[in-house]
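A.B. asks: Listed below, chain by chain, are the residues.
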Amino acid sequence: MKKFRLMTYPYVAWISVLIIVPMILIILYAFTVGGNDVATFRFSFANFQRFVTDAVFMEVLGRSLYIAFITTVLCLFLGYPVAYVISKAGDKHNLILILLITLPTWINMLVRTYAWMGILQDGGLFASILLVFGIEGVEMMHTNFAVILGMVYNFIPFMILQIHTSLAKMDTSLLDAASDLGASKKQAFLRVTLPLSAPGIISGITLVFLPAVSSFFIPKLLGGGQFVLVGNVIENQFLVAGDWNFGSAISLIMAAVIMLLMFLTRKVEKKTSMSGGED
Amino acid sequence: MEKKKGISSKVIIIISLLFFYLPIVYIIIFSFNSSRSLTSFGGFSLRWYQKMFADKNMIESLLYTIIVAILATIISTVAGTITSIGLSKSKRVLQSMVENVNSFPVMNPEIVTAIGLLMFFSALTVRKGFGTMLIAHIMFCIPYVMLSVSPKLKSLDPNLTDAALDLGATPFQALTKVIVPQIKPGIISGALIAFTMSFDDFIISYFVTGNGVQNISILVYTMSKRINPSINALSTIIIAIITIVLLVVKFSPAARTIKDGATSGGSNKARYIVLGVVVAAVIAGCGAGISALGSKSRDDAIAKYGSDTLKFYNWGEYIGEDVIENFEDEFGVKVICEYFDSNEMMYTKIQSGESYDVLVPSDYMIERLIASDYLMELDLSLIPNLSNVAEGCRNLDFDPDNTYSVPYFWGTVGIVYNTEKVPYEELEEKGFSILKDTKYKGRIFMYDSERDSFMIALKSLGYSMNTNNMDEIMEAYEWLLDLNNTMAPVYVLDEVIDSMSNGIKDMAIVYSGDATVILDENEDMGYFMPYEGTNLWSDGMVIPKNAQNPLLAHEFINYILTYEASYDNSATVGYASSNEEVLLEMSGPEGMFEENEAYLPRMGYEKDEIFRDDPVLKKTLSELWIKVKAVN
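These protein sequence lines are chains A and B, in that order.
With the numbering used here as the guide, the letters of the first sequence map in order to residues 1 to 279.
With the numbering used here as the guide, the letters of the second sequence map in order to residues 1 to 632.
Chain A with its partners taken away, still in its complex shape:
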C-alpha cells in the first residue's frame, strides 16, 4: 500500500512547480495595482472592490454561471441516454462508437463554430429547412439558442465519455440480482445503474461546467459581442485593456465561486452515493 502512495509524490512536485507557482503570480497580480511590471507592485484590494461594487460585473458573472448551468444540465440529460446505449452496444461496437463521438472534437473548435454560423444564419441550412415547413423569419444567430447549441455541441462529448466510462464494465450481476429480487426495469435502473454511474456523472458535470463558465469563443461568435460572459471580460482585461491586475482578480473571484459550487456538489454526491451504496 505504501508503495502506491509513493506514486503520488512526483505529481505533487510537478503541480507545485507548474500550477501553483504560476497561480501565485496571478494571485500577486490580483492583490496589487500599478501595471504589469512586477517591479512597480503596490498591495491593494482595489481590483476586488472594483468588481464587487459594480452591478454590471456581478450580472456578467451571474449570466456566465447560468449559461454554464443550462449547458451542463442539457449535456447530462441528452448525453446520458447516448452513453447508456453505447455501453450496451457490446465490446465490438463500443470503441468505434466512442471514437465516432470523439472524432469531431479533433477538428478545430473555431472551424466547427464557423460551420454552425453558416448553418444558423439567415438563409442558412436551418432557415431553409424551416422554410419548407412554411416557417419564416426566425432569427437563430446571436440568440441564447445559438450560444447554448454551440456550447452543448462542444462539451457533450466529455459528458458522454465520462458516463460511458462509469457504465462500461459495470458488474451486470447486480442487475440480475435486482431483477431476481423482483425489481422492475425502472427500479433496477434507478436503484442500481444510476447510483453506480454517479461518479461518472459527477466527473462529467465537472468537465462540462468548469470550462463552460469561462468559455468565450463560442458565446462571442454565436452570440455576438453583446453576449458578455466572465471569460470575455477576463480575456479582454489581459489582451485588450492590458490590465492584468484586474483580470487576475476577476479570475480569482470566479475560481472562488466555482470552488464553492463544486464543494456543494461533492456534498450532494456523497449523499447520493451513500443512499445507493448499500446495494
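Just to be clear, a hint being listed does not mean it is correct.
[To be verified] When the alpha-carbon atoms are kept at most 16 Å apart in a straight line, the in silico EDC-like pairs for lysine to aspartate or glutamate are as follows:
no.	chain 1	residue 1	chain 2	residue 2
1	A	Lys169	B	Asp157
2	B	Lys184	A	Asp176
3	A	Lys88	A	Asp180
4	A	Lys3	B	Asp166
[To be verified] Derived coverage of chain A by chain B (criterion: at least 3 residues anywhere in the stretch with Cβ under 8 Å from a Cβ of chain B; other residues may be distant):
no.	segment
5	118 to 125
6	151 to 163
[To be verified] So the derived list for chain A, only partly shown, Cβ under 10 Å to chain B, looks like this:
no.	residue
7	Pro10
8	Ser44
9	Ala46
10	Phe48
11	Val52
12	Val56
13	Gly79
14	Leu99
15	Val111
16	Phe145
17	Ala183
18	Pro211
19	Leu221
20	Leu264
21	Lys267
Since the hints were derived computationally from the structure, they do not count as laboratory data.
Ideal Cβ placement from N, Cα and C applies to all residues, glycine included.
Dock chain B against chain A, hints included.
C.D. replies: Showing chain B alone in chain A's frame:
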C-alpha cells in the same frame, strides 16, 4: 421487447451522430468551395487543397500539432493514471488538495493559465518552443486524465488489490494485472480527452511557444482578417486520415488476428507492441517531415547579413500569397513567420522577451513601443525604397519622421451599407448618427472594439476621438448606451466580412480593407466615410532592439516597399498599399479596385484623426464598453 429496445437505441445513436457530424459535413462541403466565403457556396473547386499543400507553414504546424498531441497524450495518460492510483490509496487531505489544484487549469480561462506560464517560463529564461509547449500541454492534460480515471477507481473494490498482494503478486503485478484492466475504460476516455485538449489548444500554446514552433490552432485563431478555407481542406484531410486508420484497424486481417488474440487473453503484449510501433512511426515521420521542411543553411546570406533567417511577426492573413517565398528565393534566406491577432497580444510577447526581426504593429502601438524603448532607430540609408511610400501615410503623428517605422497598410473606418436599403443622401445628411435611426433597428452590425465604438460616438458628438476629458467620454458612453438600447445592434469582429458579403444586415462598421473585400464580393454594398471625420489608421513595420538580425530586417522592409511585393500584398489582402504607385494603379482606371470606393483612404481631411496611445484611457474605455454591451 428486446427488438423495440434495439430500435430505440439505434434511433438515439443515429440522431446523435447526425448532430455531431452536421458541422463536419458542412466543413467538408466548404473545403471544395471556389469562393473565400465560409458560409456561402460559390461553386466546386480544389483551390484550397492546392493552397494547403503549398503552404509549408501549415504543413509544418500540422506535424507539430500531431507530435505534441501524441506525446502529451501518452505522457499525461501514464502520469495521470499512476497518480490517480496512488492518490486513491492516500489520505483524504492529499486527495482533496490535489483535486482542487487540478481544477485550476480546468476552470480558469486559458488566458490566465497562459499568462501564469508565460511569466514563469520567462523568469526561468528558458528558450520557448517545442519543449515548453509540450510541458504546458502535459500540465493541462493530466487533470483531465485524472478526472476520467478517478471515478473508476472510486467504484473499484479495494479488496481486489489486497487479495492480489496476499496471493503473492508484486505491487507492480497487482497494478498491471488487477487495477489497470479494471479501470481501462477510464484510461481510454482520459486519453481521448487529453488528445482533444492538446490538439485544439490555442491560447496556452500561443504564449508558451516561440522560435517558429506553432500548432494548427495558433494558425487558425490568428487568421485575424479572415479564416482561410484551406483550414477546411486540412480538416477534411484529417477526418479522411482518421477514418482510414479506423477502417484499417477494424477490417484488416492483421488487426483481426491481434484482436482475436486479445479477446482470448493471449497476446495483449503483441497488441501493445504493434500500437507502440505505429505511434513511434508517426512521431518519427512527423519529425522527419519537419526537418525536411527546414532547409539547409545558406552561406552567402550568412556572409552578407550575419545570418540566414528572419523572424517576421505579423497579423494573420495579412501578406501577399508569394511575397515570403519570393523574398526567400531572391535573397537566399529563410523567413520564420509568426502571427498575432491583436496589438496587445503582440506586445505581451515582446514584453516577455521574445525576439523578432520585424513586427507590424498599428499606429498607437508603435507609439507605445517607442515609449517603452523596445524599438531600434531605422537606418534609412538601407531602405532606399522609402521614396516609394505614398504621401498620405508618411510622417504620421506617432512617428513624425519615420524614425522607427515604415508604413505597411493603411486606411479608414467607415460604414458598409446596402445600397438597396439605405439611401446615400441619408448617410450624407446624418453621418454616424444614422446608426441611431430606428428605421434600421436590428439591422446593424457594430464592430466589437471599444476604441472604434467610442471613436464613432465622439466624432458624432463633435469631439476629438483622442480626448481624455471625462465629461466628453461620459457623453459618448451615453450615446453608445442609447444606441445599444434602442437599436438592438449585434457586436461582431472579423466575421462581419462573411456576414456582410452575404448581406445579412443593412449597415456595418468596418475597416476599409475589409470593406474592400465585402464590396468586391457583394455589389449591392457601398462604403461611406462620414463627414464628422473618422479614424485614419496605419500599420507599420518596425525592428525591435533585441532583433537578432537587423541587417536582414532592413533588407526585408525595403523589399516590402517594392512595387511587386506591395502589389501582391494589396491584391491579396485588399488593404490600401503604402506604395504610391500601387495605390494609384489599383484605384485608378482599369485597376483592380477601380470601382471600389472602400480601397483608397480619404487623404488630407482635417477631421480624420489617428489614434494616440493612452493606456489609462484605454482601460477606462474598455470598462465602459463592457458596461455598454452587458446591459440588457
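A.B. asks: Now, for every hint given, state plainly whether the structure supports it.
C.D. replies: Consistency of the hints with the structure:
| no. | hint | verdict |
| --- | --- | --- |
| 1 | A/Lys169 x B/Asp157 | holds (13 Å) |
| 2 | B/Lys184 x A/Asp176 | violated (24 Å) |
| 3 | A/Lys88 x A/Asp180 | violated (20 Å) |
| 4 | A/Lys3 x B/Asp166 | holds (15 Å) |
| 5 | 118 to 125 | holds (count 7) |
| 6 | 151 to 163 | holds (count 5) |
| 7 | Pro10 | holds (8 Å) |
| 8 | Ser44 | violated (15 Å) |
| 9 | Ala46 | violated (13 Å) |
| 10 | Phe48 | violated (15 Å) |
| 11 | Val52 | violated (14 Å) |
| 12 | Val56 | holds (5 Å) |
| 13 | Gly79 | holds (9 Å) |
| 14 | Leu99 | holds (6 Å) |
| 15 | Val111 | holds (6 Å) |
| 16 | Phe145 | violated (15 Å) |
| 17 | Ala183 | violated (16 Å) |
| 18 | Pro211 | holds (6 Å) |
| 19 | Leu221 | holds (7 Å) |
| 20 | Leu264 | violated (14 Å) |
| 21 | Lys267 | violated (13 Å) |
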